[in-house]
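Engineer: The residues making up each chain are set out below.
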Amino acid sequence: MMPDTADFDDAPAGADSDTGYYYLRLYVAGHTGRSIAAMNNLRRVCETHLAGRYEIEVIDLLQNPRLAAGDQILAVPTLVRRLPTPLKRIIGDLSNTERVLVGLDIRQKADVP
Amino acid sequence: MPPQPANTGSATTQPATTVLPKSATGISGFDEILLGGLPTGRPSLICGAAGCGKTLFAVTFLVNGATLFGEPGVFMSFEERAEDLAANVASLGCDLDGLVQAGKLAVDHVRVERSEIEETGQYDLEGLFVRLGYAVDSVGAKRIVLDTIESLFSGFSDTAILRAELRRLFAWIKDRGLTAVITGERGDGQLTRHGLEEYISDCVILLDNRVIDQITTRRLRVVKYRGSAHGTNEYPFLIDASGISMLPVTSSGIDRPVSNEVVSTGIAGLDAMLRNGGFYRGSSILLSGVAGTGKTTIASHFIDAACRRGERCMFFAFEESAEEICRNVRSVGLDLRRRVDAGLLRFEAARPSLYGLEMHLARMHRDVLEFRPSVVVIDPISAFRGPIAEVHATLLRMVDFLKSAGVTGMFTSLRISSSLNDGTDQALSSLMDSWIRLMDLEANGERNRVLYLIKSRGSSHSNQVREYRMTDSGIELIDPYVGPDGVLTGTARLSQEARELAAAERRRRDIGQRRRESERRRRALERQINELRATLDAEQDEAHALLLEDEAHDVVLSRDRVAIAERRGGAE
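Sequence order for the protein chains is A and B. Numbering that gives the first Met the number 0 numbers the first residue of the first sequence as 0 and each following residue consecutively. Numbering that gives the first Met the number 0 numbers the first residue of the second sequence as 0 and each following residue consecutively.
These aren't lab readings, by the way, just hints derived from the structure by calculation. Some hints here could point you the wrong way.
As the list claims (entries may be wrong) - Ranges between beta-carbon positions, derived for each pair: (1) Q213/B - Q62/A: 54 to 60 angstroms; (2) Q213/B - T31/A: 56 to 62 angstroms; (3) R65/A - S200/B: 32 to 38 angstroms; (4) F152/B - E54/A: 33 to 39 angstroms; (5) R65/A - R80/B: 16 to 22 angstroms.
Claimed, not checked - Covered stretches of chain A (in silico footprint by chain B; criterion: 3 or more residues with CB under 8 angstroms from a CB of chain B, positions within the stretch not fixed): (6) 58 to 71; (7) 85 to 94.
By construction, the Cβ of each residue, glycine as well, lies at the ideal position given by its N, Cα and C atoms.
Same shape as in the complex, but just chain A (with noise of 0.2 angstroms):
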C-alpha cells in the first residue's frame, strides 16, 4: 500500500515557516507546452515575490511515476507548497498569477482586486 505521504525526503534543515523560506515541488509530466509553461511561471512568481527564500523542485512523473501517489497528484501540472505548511496543492499551469500567489498564502484572498 501507497503511503499518503512522500517519505523520500523532507524539507532541508533549518528551514520552516518561521523564516518565511518556501519549499515548492512542481509535478508534471513530461515535457509538454503546459509544463514548461508551468516552470516559466511558478520561476517568475517566485522570482518576484519570493526572491531568495524559495526552492523549488521539480519532478517529471514520467520518469518516477511511485511519487505520484505519495503527494496525492491527480492533476498535472501540481505545484505543492511543502513548507511553510500546511501543505497546499495548486493545480494548472500556474498562468492565472493572482490564485498562484492565494494558493501560496502570498496573499490573501481578500487582496485579490
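Starting from the known structure of chain A, fit chain B onto it as the hints suggest.
Structural biologist: Only chain B this time, still in chain A's reference frame:
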C-alpha cells in the same frame, strides 16, 4: 469467497455462442447471470445507492481474480483509505493486506480535497493516469477497480476537463486491455450522479437495496451488456460473513440429469404404498397437513433413513430449534442427535422473519453448496410470508436448484383447513413430484391421523387412505379397514374389528354345532342301518334253516314213497 459450484462455469469456460471474451467474477450466481462474467478488457459500471454493496462487489471481483483466476488487480479507491478498506472487507473474509504483500493486489487511495486545491490555469489528469499505470505495472494487473471515480467531480471545478479526461481514461483502460469495474453512486433520474453511463456503455449493472414490509432485500440487475446475452431480471443477492452470494435464478430451460434410483421414505408402510418402494432421488416431495399430523416426524424418518444409508442431510427448520426437533422425534424412536454428531446431518434453524424470502433462499442455496447434502428438508415452507406469487417464485427457484443439484427435497407445509382449496398447496403442488396429504379424521369423539398419496410422478402408487400411528418405534401405517361401512379408523376400526371377531367366533361355534349334529345323525342312521342289517341276517338264517328242513323232509318223503311202492309191489 466460496468457490464456484461445480455445475456452473469457471473462469475459462464460456458458452460457445459468445464471441465476447469474459472474465469471471467468481461470485457464484453472478457469473451465470452474465453468462460467463464481465467483459474482458473493458470497463463495466456498477451503480447503486449508498450501502448497496458496490465496493464489496468490486473488491470481490479483484480478490477472486487474484486468488482464483491468477489475475492480479489494482484497487483505486477515491473514498475509503486503504487501511479502512482492508479492515472493512476483512470482516467478510478477504485478506487484502496479504494479497498486497504477495504482490497480487495493489491498493491506491486517491484523496480528493477541494479545499486544498487551487486551480490556476489549464491542467489535465495525467497524474491519475501515471498512478494507475504505475500500480498496474507494479503487479501486472489484469483487473482494476475505480471506486468511486465520481468523487473527482467534487474535487475539480472544471467539469469539461474532467469529462474529457474520463473519456480518455476509459479509452486508456480499453487500450491496456484491463477488465475494469467502475462504481458509481445512484443519481436522480439517471444511473449515476454525473452520468458515467455515458462513457461506460459496455456493461452496466445496477444494485438496489429495497425495504418491503420492514424486510430488506438486495437486488441486482444487468441494465445492459453490449455484445452478450444476459439474464434480464432483478436477482436477489446476499452479503454476509462469507461475502456475496447470489442464487442463480431458474435457468432458461428445464434440462437436468434425472436419476432412476429410489430412496426409501424411512417408513415401511409408506414405501409399500409406492410401487417403486420410495421416491426417486432428486425429486421433490410435498408433505402437507394440518397442525399435529406429524409432518416433522415423517420428514425426520426420511432423514434418518438417508443417514442410515450414509448420506448427508440438511434440515432447514423455521419453527423449531434443532434441539427441540431432536428431543421431539426421540419420542418416536429416532435419534437425530447421533446423526448430527456423526456429521451426517446439519440443522439450520432460523426465524422466517429474520430475512426476506430472497435472503432465505440465498442462504439456503449457499448452505447446500457448502454442505453438499443428498437430502434437504425444509420445515415448513408455509412459514414464508409474503405475496403468494413471490413465495411461489422463491420456492420454484429452490426446487429448481435442488433438482439441478440432484438433491432430494422434502417440503412440509402447514395447512390451515382440511379443505383442498388451500392456496399455498395449490400453487406449489405443480412443482412437486410427490405429494403426501396428512389429515385428521374426527369421528366418534376421537381424532385419527390418516394419509394418502395425491401424486407421485413416475410411479404407480396406492390410492388408499391409510391410517397411521406414532409409536415408540416410529410411524406405523395400519392396514386399512375397508368394510361395507367404508374406511374406519381409530376405535371405530377397533370396535368394528371386535364385532367382526365376535361374528366370526359365533360362526365358528355354529359350524361346530352343525358338524356335531350331522355326526350324531350320521351315527344314528348308521346304527339303524346296522340293526336292519342284523334283522336281515336273522331272517336270512331263519329262511335257510327252513329250507334245509324242507329239503330233509322232501328226502324223507321220497324215501317213504319208495318204501311204500316196494311194499305195494311185493304184496300184490
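Engineer: If you test the structure against every hint from before, which numbers come out violated?
Structural biologist: none
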